[in-house]
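Visitor: For reference, the chains in residue letters:
2 protein chains.
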Amino acid sequence: MYRFKPELRIPGPVPVPSEVSLQMARPVINHRGAVFKEKFPDVLSRLKLLFGTENTVYMVTGSGTAGMETAVSNLVSPGTPVLCLVGGFFGKRWAELCTAYKAVVHVLEFPWDRGVDPDQVAEFLAQHPEIELIFAVHNESSTGVLNDIEAISRARGDHQALLVVDAVSALGGTPCEMDARGLDVVVSASQKCLMMPPGAAFIALSERAQTYMEQSEASRYYFDLRRYQQFLEKGETPFTPNIHIVFALEEALRMMEAEGLENVYARHLLMRDMARAGARALGLELLVSDADASPTLTAVKFPQADEFRQRVRERYGVEFAGGQGVHAGRVFRIGHMGYATPLDVLTALAVLEIELKKFGRATEAAERVMAAQ
Amino acid sequence: MYRFKPELRIPGPVPVPSEVSLQMARPVINHRGAVFKEKFPDVLSRLKLLFGTENTVYMVTGSGTAGMETAVSNLVSPGTPVLCLVGGFFGKRWAELCTAYKAVVHVLEFPWDRGVDPDQVAEFLAQHPEIELIFAVHNESSTGVLNDIEAISRARGDHQALLVVDAVSALGGTPCEMDARGLDVVVSASQKCLMMPPGAAFIALSERAQTYMEQSEASRYYFDLRRYQQFLEKGETPFTPNIHIVFALEEALRMMEAEGLENVYARHLLMRDMARAGARALGLELLVSDADASPTLTAVKFPQADEFRQRVRERYGVEFAGGQGVHAGRVFRIGHMGYATPLDVLTALAVLEIELKKFGRATEAAERVMAAQ
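The listed protein sequences derive, respectively, from chains A and B.
1 is the number of the first residue of the first sequence in the numbering used here; add one for each residue after it.
1 is the number of the first residue of the second sequence in the numbering used here; add one for each residue after it.
For reference, chain A alone in the conformation it holds in the complex:
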């Protein structure tokens, strides 16, 4: 019955370590000055390890969607044939973005509780040699599905299409391996596994994607990566950047490097396994099968999910996220990404246990409803 210590257990934005938060309060510096010019390219290039790439990583001041639109606006011209792999809210967002940019949009829909089927992708591509771009989501945070992005990439065979990946809620929580997996464009953002406040997106492009983007005819200016490329050569951004995210990123990377990236990934897997085992032990039903389960969040089926979330938030200060799209009101999502530990997962499970017991009658009723479903 206390709530003075809020626990943000949503799949982003996530809690930020104090060491990182304090960077956000640093004095403003000149983004065209010597200090920034020295720091910025250095910090950005340390992100390459997380992307698993030797390509340049760019920063765009904006949300994750700004990063996604940076990809779309630099690649899609009116009439470009594209394939969007949709198994949740963020796959749908790719399709909406491509539609806004007047692409010829093909959509492969997958149920909102499982991963993209690479065989269906291969089949579709065999029938559609004209497809130039495939848009996929690495970790679909609306459902808690981790897509097998390597298998999706391989499903292309020798098809020409470039693979564009939303790794917003994946990068830093699970290996990306951009180069090894042949991903052509990878987009992420500050407020998920990278343990920073919202405010900036990050994007990397393969050499093929860099070349391809030169031909794009879409109207773009703020998102025009050619400008970012040009300015990064002198250690700057074309437009006033979120300077503090650069400070924060430096500290967040220091912390992740100190922990060791392998350990960071292992911690996320452990949190996934704990969240799933714990929820099951409480008699709760998981949205996603073990094979497709995300290491960064876990979705739990629950009738009256929103009332339950509100109760937990008000009584304990622990905040879960609701369901999105088809799952609205019938699912809650537990975030365990970024600055989160197995102990945080235990806390979340403890709260679930207490609340489920306390309101046993309500729960029993709920279980009957679930059974009926």
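The set of hints was computed from the structure by calculation and includes no laboratory data.
This one's a predicted model, so the numbers in the text were calculated from it and none came from an experiment.
Treat the hints with caution; some may be incorrect.
Since copy identity is lost for identical chains, a pair holds within one copy or between any two.
35 Å max Cα-Cα, derived DSBU-like pairs, lysine-lysine [as the list claims (entries may be wrong)]:
| # | residue 1 | residue 2 |
| --- | --- | --- |
| 1 | LYS39 | LYS301 |
| 2 | LYS358 | LYS39 |
| 3 | LYS102 | LYS92 |
| 4 | LYS234 | LYS301 |
Dock chain B against the given chain A, drawing on the hints supplied.
Guide: Just chain B now, with coordinates in the frame of chain A:
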């Protein structure tokens, strides 16, 4: 010969009060949660006083240019006839943005050391009844010119064109009076007179502009104001916002309201007059006449401006900005906006005086060069 206390005297980003900086370090909250939903619309609506409008103010996470592109992408369709009033770097940016969005771009060029001539605007409009949008800059921070935005607005007479205003380095430093002056779109950003770090843009639209924007055919998603409108009704943004800028804005507005907006504007005028009188007393030549002078920054003509700036920065920690565009290397700019006081201007002038005296010989040579010019 000490530099441990940096003094950022550039026309943005500007120093941020500690009270505001500390807001940037606050714990992350859920941008779809109750606390944010209550705070966000309230804080945004307090900006109306600064805009001088009863229209809705929107926030877009991004730089000032993101705000400018929000205006362009919501208003300009391919082929829309527009007029850009260019007297500096940011007027040029409007023209570049409109070109990127495939408008039919007409440009009225003015010398980069004086204000837009409203008579020329009226004359042009009389010959071009087809113009639908006029893009202007309130305070041209590349030159230190404050344009007479009211006269530009009046110059339209009964011409149909909507007036779109870049008030990035003006809003909060000089009266905007959007409604009284009939400005249709006003764009600003966090890192100038609003005393916050960079990271967000703000935009307001007149009723006519709101209606007009419905017909735009430009590709847009992240900048699509119809989404922002829809989400603001429930106290949210369509995409994860820079949550901390909302905290910071709350505090910055509290400080400005406590000082009183009239006093804020008077302080900026005093800083302008001090900077100009001081520079003149030091024998320096100002770029802009008194009639056109900006209250938020002052540009000083100076041969070898960049070497001089570097010297001042290295010896005293005081940082001035360089010249932009045609003024590169031959002008330095003193920012006196936002969290700046007349005492800060005295400090800047003192540094100028010491350095000019100390390097008297260099200065004399410089003056001869200036005289020769």
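Visitor: Against each hint, give a clear statement of whether it holds in the structure.
Guide: Quick rundown of the hints versus the structure:
Within a single copy, LYS39 and LYS301 get their C-alpha atoms only as close as 45 Å, which misses the 35 Å cut-off; across copies the closest is 31 Å, which meets it. When the C-alpha separation of LYS358 and LYS39 is checked against a cutoff of 35 Å, the pair qualifies only between copies, where the shortest distance is 32 Å, while the shortest distance within a copy is 52 Å. For a Cα distance limit of 35 Å, the shortest separation of LYS102 from LYS92 qualifies both inside one copy, at 15 Å, and across copies, at 28 Å. Taking the closest pair of Cα atoms, LYS234 and LYS301 come within 35 Å of each other only across two copies (26 Å); inside a single copy the shortest separation is 50 Å, beyond that limit.
Comparing the model with each earlier hint shows no violations; every hint is respected.
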